[in-house]
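Participant: Going down the list, the protein sequences come from chains A, B, C, D, E and F. Residues in the first sequence are numbered from 0 upward in steps of one, following numbering that gives the first Met the number 0. Residues in the second sequence are numbered from 0 upward in steps of one, following numbering that gives the first Met the number 0. Residues in the third sequence are numbered from 0 upward in steps of one, following numbering that gives the first Met the number 0. Residues in the fourth sequence are numbered from 0 upward in steps of one, following numbering that gives the first Met the number 0. Residues in the fifth sequence are numbered from 0 upward in steps of one, following numbering that gives the first Met the number 0. Residues in the sixth sequence are numbered from 0 upward in steps of one, following numbering that gives the first Met the number 0.
Derived from the structure by calculation, the hints contain no laboratory data. Keep in mind that a hint or two might mislead.
The list treats identical chains as one, so a pair stands whether inside a single copy or across any two.
Said to hold, decoys possible - Simulated pairs of lysine to any residue, SDA-like, Cα-Cα distance not exceeding 20 Å:
1. 95 to 74
2. 176 to 0
3. 113 to 61
4. 10 to 154
5. 114 to 176
6. 176 to 28
7. 176 to 20
8. 176 to 112
9. 176 to 23
10. 176 to 70
11. 176 to 1
12. 176 to 142
13. 176 to 30
14. 114 to 150
15. 176 to 50
16. 95 to 42
17. 176 to 103
18. 95 to 110
19. 95 to 170
Now for the letters of each chain:
There are 6 protein chains.
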Amino acid sequence: MLIHTIGQELKYDGRQLSSLWAFRNYRLQGDSIICFRGPCQVELTEMVDLADVIANAPIYSESMLHFIIEHFDLDLEKTVVRQRLFISQIKEVIYKRTGRILSRQGDDLFYGNKKLSVSIATLSPVSTMIHTGLNISSRNTPVPTVSLVELGFSENEILTLGQEIAETYANEISSIKLARCKVRGVV
Amino acid sequence: MLIHTIGQELKYDGRQLSSLWAFRNYRLQGDSIICFRGPCQVELTEMVDLADVIANAPIYSESMLHFIIEHFDLDLEKTVVRQRLFISQIKEVIYKRTGRILSRQGDDLFYGNKKLSVSIATLSPVSTMIHTGLNISSRNTPVPTVSLVELGFSENEILTLGQEIAETYANEISSIKLARCKVRGVV
Amino acid sequence: MLIHTIGQELKYDGRQLSSLWAFRNYRLQGDSIICFRGPCQVELTEMVDLADVIANAPIYSESMLHFIIEHFDLDLEKTVVRQRLFISQIKEVIYKRTGRILSRQGDDLFYGNKKLSVSIATLSPVSTMIHTGLNISSRNTPVPTVSLVELGFSENEILTLGQEIAETYANEISSIKLARCKVRGVV
Amino acid sequence: MLIHTIGQELKYDGRQLSSLWAFRNYRLQGDSIICFRGPCQVELTEMVDLADVIANAPIYSESMLHFIIEHFDLDLEKTVVRQRLFISQIKEVIYKRTGRILSRQGDDLFYGNKKLSVSIATLSPVSTMIHTGLNISSRNTPVPTVSLVELGFSENEILTLGQEIAETYANEISSIKLARCKVRGVV
Amino acid sequence: MLIHTIGQELKYDGRQLSSLWAFRNYRLQGDSIICFRGPCQVELTEMVDLADVIANAPIYSESMLHFIIEHFDLDLEKTVVRQRLFISQIKEVIYKRTGRILSRQGDDLFYGNKKLSVSIATLSPVSTMIHTGLNISSRNTPVPTVSLVELGFSENEILTLGQEIAETYANEISSIKLARCKVRGVV
Amino acid sequence: MLIHTIGQELKYDGRQLSSLWAFRNYRLQGDSIICFRGPCQVELTEMVDLADVIANAPIYSESMLHFIIEHFDLDLEKTVVRQRLFISQIKEVIYKRTGRILSRQGDDLFYGNKKLSVSIATLSPVSTMIHTGLNISSRNTPVPTVSLVELGFSENEILTLGQEIAETYANEISSIKLARCKVRGVV
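Please model the entire structure based on the sequences and the hints provided.
Facilitator: Written as structure tokens, this is what we have:
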């Protein structure tokens, strides 16, 4: 799985969650995970989570650490399972780095009652995709949130954290492929 | 997803990891998770993890809390992802109940350097299956282990823990199915 | 499988056959079958059956009992088989209620030489979908048709019939899932 | 889809429901439906329907019209849907030939309270398979049954009926493949 | 697999690579291969190969022998394997007809350093598709090319060659389906 | 894709075509291609090609260059397409090394009327597999054969040839995966 961290800021407005975005822009050909930081503002018309659209709950954050994951298969349920595992891994990495324990509820991470993350998984015509964003700032968010800074990360550490999370995910995906290739069938 | 907790002790010798074991013995028809407690002794000839067979590492524990999961599809990679998520959930439930933080390495759980669990995922002719065992006793195990008792669970709480873990998994599987059914595709 | 009957009239113009229509409008999250009544007018530009487009055969009925089915998988052939079974079930329910025997030809139902139904199955980006319409009125249809009223249903019974058909389908889908989970493999 | 009617009697004992039975014995290479007549006696050890094994309900009939269907894919749920459609078709053919109306309950056919049929669908290592048997005799069956003879077929007509049912199924499978190839996707 | 050769010239501009093009225009319902001749000019906005888009390499040829293949499944990787095999077959047919040996590099054919072909495989909402074009003329192409005429085919033979290639592919696809239906599984 | 060449001779008797043979014996975990040389003798009871079993055509060669390929998916048709492509590649490599042109008929290679190869593709419980053998000796074969030696390879070059063929296949499989990840979908 290919990993890329984007150095400059980039606003996430939903259009990054489109097939081959990683290939078009960063020449990553194959399953990939990209991380970058930037504001997050997704209008209702761009949202793929129709539960949020119905609830009229647009997504907004002044600053987030973003991940865009693409898997070139068409099994959305499988990618939702991967997404849940990815959220678990973020929790594990943050614990390792800060000693703080987040709670996971489905594809959301909380610190106490405050939300750290947004995440969605969907299908493109040629792949399945995941977006996950972690608040770097908790100001002006539509719901009570916590930020990575409040959890103890300095601004300088954010992209390093992103890179570590991306590597952790890529390693687990590799490890999963290996685990699939070592067992005999049962009756 | 169907859940069943077996009241009496049952020895796990590997033959429980066979298709429709839940239906044959407990009338569970459909995807299911069963938990029970009992010793664990899997001879090399019964093991499905060929990496362990090659390493000549039979599985033994005087007492374990066992889970047998069956999903009626044939995508082993997907079930390995589910397995990793299941292991993450066990960690989350144990934290919630004891405040103790385990570390997960792939499909293994550790407390410090001591291993709490064994787990394997495989294919049957009609389904995919997972076995996971958590040590209730750490005596006489072939590698250094930690037990649920040492983590703070009393003997009386073991099956309740098993039931809670099973429910947590079944709830997440339901939640995953729902998450798959709320998103529009992207371009 | 989720079932919903819409009380008020709704015109079917083809746009209802789009992914997550049931979730967007009626909060049904998961595989679903919806029934409602209303006129049916699908312009050539909205038709998904290209055989009808080629034949320049737009669909029109002054009043129909409609069903919209959505299955969240991407196997169109499987959904065509489901569609054929659904058409068989409509025939079975109408016989049970009226004693009248329809003949099925693929995905069409006839009473003598007169057509009762239209039906199509297709793929959306995230699911497979079926539309089936049964004439409540046979006036002004482009081909000779028979209506549910002519088969003996009163106007008041139409939605009850729709509800019964929807339940019959949902029950069979459940029963099929169970049947898949009770057999061992053969050599 | 290949069709073959076997002229001589053949006892069905369960072992005919094995992969490539049609190819090994009758050189049918590809999806196929075979029909033949003969007694039916399946011991519990040969049964694939574990619900029947649990209920200790062996299958026995002095004389049946048998169908063995093989599809070279591995989606058992899809083949269960096909099986239900096949059972519906048998009902339709019998009505067309005798004017008698059977009732279908899942994969069973009844005439009044008497059972006409047995049927099962399962997976082989390389295909999915269906067996269906229709009683030619109703003597000595373990449950109350009706026979094709009692429904009005003479002994001489049995294989012709079988051939017609097989052709009806093969035609519908072809028609389903065509129906999958004429629709554009929707949004 | 259905085969059709179009007698009159047709310009390939990329829009022919769309689902059901063969059905809409030539009534081919099912997996198909169509061949025709005509100029080739695909603007960047119509190109599906994003590697070429990134490289700003539009496709142009004054005259080509074109093939449009459609398979009604959604496994793009499988269709890429089919595409590679198709390219191998073109090489085999040209050798048989001219004694000239082309070299294949992935989905490209070369004669010495000169390129004979362009090819791409992609997904539509309901199928997978392949376009392959073989130069009839090598004039004004953006890269050094060789043409079928330079390889020894007269203008009159071009469509016959196309027909032979199409038949060769269709025969192999049939043969592959048969090969899938003659083997028992292994342990 | 993992590649391994076995230095010592090994007799191929059919049992090597079993799941995880590469992992059990050579620690290759994942899709793999192994080559080795040795006699080939497959009794009818071990053969997976039932067409050969029916024709009573056991496989025998005093010396062959063998390839065992394993792909960890369950789509046999896809692996038959891969097999055909693999056979094409063997032809291409032999041409490059000797200038001799073989003809391919399905999964067989011929030099004139003499057969160079045997090949079969099948399913295991956890994977799909291919065996291909190329005659090193043409003595005492049940049908007229040609050998790699007669095609101009010295005994010393055989394993090098095997290694080159294996690398060519592994490279193409990688290239196919990349090709799947560079195209946008079409309408």
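Participant: Decide, hint by hint, whether the structure agrees.
Facilitator: Cross-check of the supplied hints:
1. Proximity of residue 95 and residue 74 under a CA criterion of 20 Å is satisfied in neither setting, with 31 Å inside one chain copy and 32 Å between copies.
2. Proximity of residue 176 and residue 0 under a CA criterion of 20 Å is satisfied in both settings, with 11 Å inside one chain copy and 12 Å between copies.
3. For the homomeric pair residue 113 and residue 61, the shortest alpha-carbon distance inside one copy (16 Å) is at most 20 Å, but the shortest distance between copies (43 Å) is not.
4. Taking the closest pair of Cα atoms, residue 10 and residue 154 come within 20 Å of each other only inside a single copy of the chain (17 Å); across copies the shortest separation is 53 Å, beyond that limit.
5. In the homo-oligomer, the alpha carbons of residue 114 and residue 176 never lie at most 20 Å apart, since the shortest distance is 32 Å inside one protomer and 23 Å across protomers.
6. In this assembly of identical chains, the alpha carbons of residue 176 and residue 28 lie at most 20 Å apart whether taken from the same copy (18 Å) or from different copies (9 Å).
7. With identical chains, the CA atoms of residue 176 and residue 20 are at most 20 Å apart between copies only, with a shortest distance of 18 Å across copies and 24 Å within one.
8. Neither within a single protomer nor between protomers do residue 176 and residue 112 lie at most 20 Å apart by alpha-carbon distance, with minima of 36 Å and 25 Å respectively.
9. Within a single copy, residue 176 and residue 23 get their C-alpha atoms only as close as 26 Å, which misses the 20 Å cut-off; across copies the closest is 17 Å, which meets it.
10. Within a single copy, residue 176 and residue 70 get their C-alpha atoms as close as 13 Å, and across copies as close as 12 Å, so both meet the 20 Å cut-off.
11. In this assembly of identical chains, the alpha carbons of residue 176 and residue 1 lie at most 20 Å apart whether taken from the same copy (15 Å) or from different copies (13 Å).
12. In this homomeric assembly, residue 176 and residue 142 never come within 20 Å of each other (Cα to Cα): the closest approach is 38 Å inside a single copy and 26 Å across copies.
13. For a Cα distance limit of 20 Å, the shortest separation of residue 176 from residue 30 qualifies both inside one copy, at 13 Å, and across copies, at 10 Å.
14. Taking identical chains as interchangeable, the C-alpha atoms of residue 114 and residue 150 lie at most 20 Å apart only when both belong to the same chain, with a minimum of 12 Å there against 29 Å between chains.
15. In the homo-oligomer, the alpha carbons of residue 176 and residue 50 lie at most 20 Å apart only across protomers (14 Å), although the nearest pairing inside one protomer, at 32 Å, exceeds that limit.
16. In this assembly of identical chains, residue 95 and residue 42 lie within 20 Å of each other by CA distance neither inside one copy nor across copies; the values are 34 Å within and 37 Å between.
17. Only between protomers do residue 176 and residue 103 lie at most 20 Å apart by alpha-carbon distance; the minimum there is 17 Å, versus 25 Å within a single protomer.
18. For the identical chains of this complex, residue 95 and residue 110 are neighbours both inside a copy (15 Å) and across copies (14 Å), given an alpha-carbon limit of 20 Å.
19. Proximity of residue 95 to residue 170 under the C-alpha cut-off of 20 Å is restricted to the intra-copy arrangement: shortest distance 17 Å within a copy versus 27 Å between copies.
The structure shown violates the earlier hints numbered 1, 5, 8, 12 and 16.
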